[in-house]
Structure formats: structure tokens, C-alpha cells
Amino acid sequence: MIKVISANRALAEAVRLARPQVIPVYPITPQTSISEYLASFVADGDLKAEYIRVESEHSAISAAVGASGTGVRTFTATSSQGLALMHEILFAAAGLRNPIVMGNANRALSAPLSIWNDQQDSISQRDSGWMQFFAENAQEALDFVIQAYKISENKDVLLPSMICIDGFILTHTVEPVNIPDQEDVDNFLPTYQPKHAYLDPKDPMSLGTFTDPDYYMEARYDMEVAMERAKEVIRTVNKEFEEVFGRKYDLVENYRCEDAEIILVAMGSICGTIKAVIDDLREKGEKVGLLKVIAFRPFPQEDIYQAVKNAHRIAVLDKNISFSIGGVLYNEIKAKIDVDASSFILGLGGRDVSPEDIINIIKQTRNPTEPDVITWVGLKEEE
Amino acid sequence: MIEIRFHGRGGQGAVTAAEILAKSAFKDGKYCQAFPFFGPERKGAPVMAFTRIADDPIRRRYQVYNPDYVIVLDETILEAVDVLSGLKEKGKVLINSKNEIDFNKNIESYNIDATGIALDILGVPIVNTVMLGAFAGATNVVTADSIINTTKETFPGKIGEKNAKAVQVAYEKIKYR
Chain C
1 MIKVISANRA LAEAVRLARP QVIPVYPITP QTSISEYLAS FVADGDLKAE
51 YIRVESEHSA ISAAVGASGT GVRTFTATSS QGLALMHEIL FAAAGLRNPI
101 VMGNANRALS APLSIWNDQQ DSISQRDSGW MQFFAENAQE ALDFVIQAYK
151 ISENKDVLLP SMICIDGFIL THTVEPVNIP DQEDVDNFLP TYQPKHAYLD
201 PKDPMSLGTF TDPDYYMEAR YDMEVAMERA KEVIRTVNKE FEEVFGRKYD
251 LVENYRCEDA EIILVAMGSI CGTIKAVIDD LREKGEKVGL LKVIAFRPFP
301 QEDIYQAVKN AHRIAVLDKN ISFSIGGVLY NEIKAKIDVD ASSFILGLGG
351 RDVSPEDIIN IIKQTRNPTE PDVITWVGLK EEE
Chain W
1 MIEIRFHGRG GQGAVTAAEI LAKSAFKDGK YCQAFPFFGP ERKGAPVMAF
51 TRIADDPIRR RYQVYNPDYV IVLDETILEA VDVLSGLKEK GKVLINSKNE
101 IDFNKNIESY NIDATGIALD ILGVPIVNTV MLGAFAGATN VVTADSIINT
151 TKETFPGKIG EKNAKAVQVA YEKIKYR
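Chains C and W supply the protein sequences, listed in that same order.
Under the working numbering, read the first sequence as residues 1 to 383, first letter to last.
Under the working numbering, read the second sequence as residues 1 to 177, first letter to last.
Errors might be hidden in some of the hints.
Here are some, though not all, of the chain W residues that point toward chain C, as calculated from beta-carbon distances under 8 angstroms [as the list claims (entries may be wrong)]: (1) Glu19; (2) Ala22; (3) Gln33; (4) Ile58; (5) Arg59; (6) Arg60; (7) Tyr62; (8) Phe155.
SDA-like, lysine to any residue: derived pairs with alpha carbons at most 20 angstroms apart [unchecked claim]: (9) C:Lys3 with W:Asp145; (10) C:Lys380 with W:Thr154; (11) W:Lys27 with C:Gln139; (12) W:Lys43 with C:Ile115; (13) C:Lys248 with W:Pro57; (14) C:Lys334 with C:Ser322; (15) C:Lys284 with W:Arg60; (16) C:Lys334 with C:Glu370; (17) W:Lys88 with C:Pro355; (18) C:Lys3 with W:Thr143; (19) C:Lys3 with W:Asp55; (20) W:Lys27 with C:Ile2; (21) W:Lys27 with C:Ile179; (22) C:Lys3 with W:Arg59; (23) W:Lys43 with W:Thr115; (24) C:Lys3 with W:Gly29; (25) C:Lys3 with W:Thr115; (26) W:Lys27 with C:Met1; (27) W:Lys88 with C:Ser354; (28) C:Lys380 with W:Gln63; (29) C:Lys3 with W:Lys152; (30) C:Lys3 with W:Thr154; (31) C:Lys3 with W:Asp28; (32) W:Lys43 with C:Val233; (33) C:Lys3 with W:Lys43; (34) C:Lys3 with W:Asp56; (35) C:Lys3 with W:Asn149; (36) C:Lys3 with W:Tyr31; (37) C:Lys248 with W:Asp56; (38) C:Lys3 with W:Thr16; (39) C:Lys248 with W:Phe155; (40) C:Lys3 with W:Lys88.
Don't read these hints as lab results, they were simulated from the structure.
Built from N, CA and C at the ideal position, the CB exists for glycine as well.
The shape of chain C in the complex, shown without the other chains:
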């Protein structure tokens, strides 16, 4: 059924369809309406889940870890400062190999205080061991949640997933979204049957024990192996999803890159605007393309390389900043791939990105004034 809804609503509908049994959330600012929709679903009997209102985001993710540790499907949602407050327990969730799925509305971190969109919050959690998937639109928000459970719960992965949706730009925008049937989702995503470590009174075991130097490195190495293996699992789940629901996904989306001289690399909602600009420029004969990075973790370096290897030059667009080194996506691509690239920081704290900004980025990338310069798009001149 197609409904005109926001990405918040789409994400909540996906959670309802995925049937998690425990949903701990901190329902106060900076929470999104995702938690409100889920509360309604549970209250109306449309979702049979334990909905736990906790006293902070730190507690929300802690409760999710506890619930997931008993082997049940678990969901939580947050945004910006809330995600930052979860930081400590994000590492525990990944290390305990809890297949939790979380929705995060990407919003700027304080200070200065802002409620608007950028991606600093989730990018700052990149080393926590969570997989991160960035949605371009409300449909992807819904589709990624359903697939994330299947990926996270795979016995070769067992790592949590974060579904990142741009604050306001997606969370507060309504558009048509195809909501799948419960029966199809149930067949695609059956009830979670944990086979690994989980708490069961009939078969007692300890989780999250103290680990001396003889074992810690191995546990971390196992996570690295799992994150690498996740790439193949994601592809397999993407294919199964396409067979049932007809929508095709991959670690990256390659948009008109085949013969492109200039390729823009970006994540999230900005990719929609870039596609529209590319279509306009292609009509004028300009060979430009977009590589949309969907999975930021695991990092799809091989997919990126294959897409951009024939381009003259690429532009990497970051809605984040790692001070003194630049955009994180730019630096990771430069570290892994030998490619001529320009770095653009844009959209921080909700600064709107217009088609003219994208056109200027393409112009600047085609004729770089000096190599390795980091351009802050739309920065006001000092008065």
C-alpha cells in the first residue's frame, strides 16, 4: 500500500513490520516522532512489544543491550545529542554482538546548539562496531530497517545496525512510500532464533565478562572479521529483498557513473538533489555521475574503487568535519583508493544545499585551483 508519509513514519512502519519484542526509548528531545508512532502501535495493539520509557539515551541503549542479550529482537531510536550520550554503550552493544537495530535522525551536535541536519552525530560513532546505512528517502528508511535485522541477525555478522535518516530533510518531509504487507515481511524476516550467546535460564552462561590481555584482541579481531563478512551478507540480503519487494539495493548506488568524467560521492538525502542536477547536466552533454554510499560501515572500498576508477576526478561531499584533516568520507576514500579527489564540507547545522551549490562543486572539481584544498560550501565571508 502506498501512503504519503514522513521518513519518521516510514521507519516506524518498518519497525512495526519487523516485530521487535522490546523497544526501549527516551521519549524526550532530541527524540523523533518515530518513538511516538511506535508507542501508538503498541498501545493500539498493532505491535506486540515491551515499550520501555527510560530516563536517558544511555539507559535506552543499555536496556536494548539487556533485552538483546536474552535473544529477542530489539529496536531503539534517537538523534544527535542522544546518540552522543549512547556512545559508551554503543561499543558494548557491538562487542556483545547484539543485533540491535536503531533509527538515528541525523542532526548537528552542540556547541553551538543546533537542532538542524548534518551527519556529525553518526559519523562520530564510526569506530563503535555498528553497521551504518544512510537513506536517501523515506522508502529507503523503511526498506533498510527490514533488511538491517536480517543482516545484523545473520550468524556470520551479529553486529548492530544504525539506520541514518537526515533530520528534517527526511524526518519531517512527507512523500509517497510503499508499505509492504506483513505477510511478505514475515516470510522475508522470520522470528529471530538466536543460535549464539544469549541468556537462557535453562542453559546459563555469562555474557560480557572481564577479558584479560590473552583474549581481548581476539574478540576485537572477530568483530573485524564479522564486519568484513557483512559486505557479502548485505549483498545476499539485498538480492533476497529485491526478489520479494522489487526494490534493488547494494552497498553503494552507482548513478550514471559508467562514462562519467566527474563523479560526486555522497551519503543520504543530498543524493536526491545531486541526481536531479546530474540529469540536467547530462542533457547538456556533461559527463557527470553520482556514487551514493549507502553502507558507510562496513566500508565498501572495493565498490567505490570500481565505480570511480575511470573518472578524471571525484568530489567527495561530507556533512561532517574531522578538524584539521577534513571530511571523514573524503579521508577514508583517499586512504584506500588512489584517486584525484576534491573535498567539500557542506550542509553543517542545516545549511541548505541548492542545485547551484552542486553545480559549483562540479565546476570546481573539473578545474581545481589547488590540489588537496578543502572547500567549505556556502561559507560566509568575514565582514
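Add chain W to chain C, keeping to what the hints say.
Chain W only, in chain C's frame:
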């Protein structure tokens, strides 16, 4: 693609209007997108909301800078905001006012006493659905039937019926003026 910008004050229902318009266009078989000007909403402060309507899926995600239509829910906003900013050459303006507004430009504008209609039918000065009825009357962007149906879905029960009547009255007032 058609782009519409709503101007109003916090609490007047501009955001809801933008969403009802999008959902109505969807009922008419179009693709749609609606969103508020991103920011904290305060009652009485000038607010904006946007709707995009197209025959193909809409991928653009920036604020509407060059609207085809501007809908003004509150006349007093003219003193605070340039509602004509970026309006396309053949763009139209629809404004809630008893009087014809002289925009001093070669712009097609429509005025309707939406507050009067709202007070008369709804008993409250909330004009968003009235303005959508007028918009359906002034343009071919969306059908009045779809606005009426979406209004009823958005406000179930008696309030929806009253709003639907307000839509109908405003539609006819502009259509057959």
C-alpha cells in the same frame, strides 16, 4: 514540476496545508513532497511550508526558492516577509484578505476572505483548508474533490465535515467569481 510556498504564522496550519495539498495531488495521480521550513515552530511567528507536485518521482530536497504559486494565510505577514521572493514570472499569489492586494508588479493575484469563511463555518479563524479550496478554484494543480477527501481523512468526524464544507465554499467563491 510545480512548487508551492505557504506563508503563515505558527499555529495557523501552514504545515498541515502543505501536507494536505501533497496528499490531494497524490490522489489525483501525481507524485508529491511536502515539508515545513526546517526549524522550531512558535505560535505567531512567521512560518513557511512547501509542496512539490510532479508527474515523476521527486528527488530534489532543498527549500523552494522559485515557487510557481505562493499561498499567504495571514495578510499581516506582508509587513514582515517578502512573500513574492523568487516567484516565477507567471506565478500566482493567493492571499487571505478582504481586499484586493496591489503587489505593484505584474503578478496574477487572488484574494479571499478566508478568515470570514472559517469563522462562519468552523467557528475558529483557522484558514488552512479554506485556502486550499480557494487554491483548487484558482488553479488546475489539484482537484477540489481530492482536497475535500484528504481534508476529511486528516480531520475525522464532524470537524472534517465542517472543513470539507469550508473547502467547497472557498472553491466556488474563487472558481465562479
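Results for each hint:
no. : hint                   : verdict
1   : Glu19                  : 5 angstroms, holds
2   : Ala22                  : 6 angstroms, holds
3   : Gln33                  : 5 angstroms, holds
4   : Ile58                  : 7 angstroms, holds
5   : Arg59                  : 4 angstroms, holds
6   : Arg60                  : 5 angstroms, holds
7   : Tyr62                  : 5 angstroms, holds
8   : Phe155                 : 16 angstroms, violated
9   : C:Lys3 with W:Asp145   : 18 angstroms, holds
10  : C:Lys380 with W:Thr154 : 42 angstroms, violated
11  : W:Lys27 with C:Gln139  : 19 angstroms, holds
12  : W:Lys43 with C:Ile115  : 18 angstroms, holds
13  : C:Lys248 with W:Pro57  : 16 angstroms, holds
14  : C:Lys334 with C:Ser322 : 14 angstroms, holds
15  : C:Lys284 with W:Arg60  : 19 angstroms, holds
16  : C:Lys334 with C:Glu370 : 16 angstroms, holds
17  : W:Lys88 with C:Pro355  : 17 angstroms, holds
18  : C:Lys3 with W:Thr143   : 19 angstroms, holds
19  : C:Lys3 with W:Asp55    : 17 angstroms, holds
20  : W:Lys27 with C:Ile2    : 11 angstroms, holds
21  : W:Lys27 with C:Ile179  : 17 angstroms, holds
22  : C:Lys3 with W:Arg59    : 17 angstroms, holds
23  : W:Lys43 with W:Thr115  : 17 angstroms, holds
24  : C:Lys3 with W:Gly29    : 12 angstroms, holds
25  : C:Lys3 with W:Thr115   : 31 angstroms, violated
26  : W:Lys27 with C:Met1    : 13 angstroms, holds
27  : W:Lys88 with C:Ser354  : 17 angstroms, holds
28  : C:Lys380 with W:Gln63  : 19 angstroms, holds
29  : C:Lys3 with W:Lys152   : 16 angstroms, holds
30  : C:Lys3 with W:Thr154   : 13 angstroms, holds
31  : C:Lys3 with W:Asp28    : 13 angstroms, holds
32  : W:Lys43 with C:Val233  : 49 angstroms, violated
33  : C:Lys3 with W:Lys43    : 29 angstroms, violated
34  : C:Lys3 with W:Asp56    : 16 angstroms, holds
35  : C:Lys3 with W:Asn149   : 15 angstroms, holds
36  : C:Lys3 with W:Tyr31    : 11 angstroms, holds
37  : C:Lys248 with W:Asp56  : 19 angstroms, holds
38  : C:Lys3 with W:Thr16    : 16 angstroms, holds
39  : C:Lys248 with W:Phe155 : 36 angstroms, violated
40  : C:Lys3 with W:Lys88    : 30 angstroms, violated
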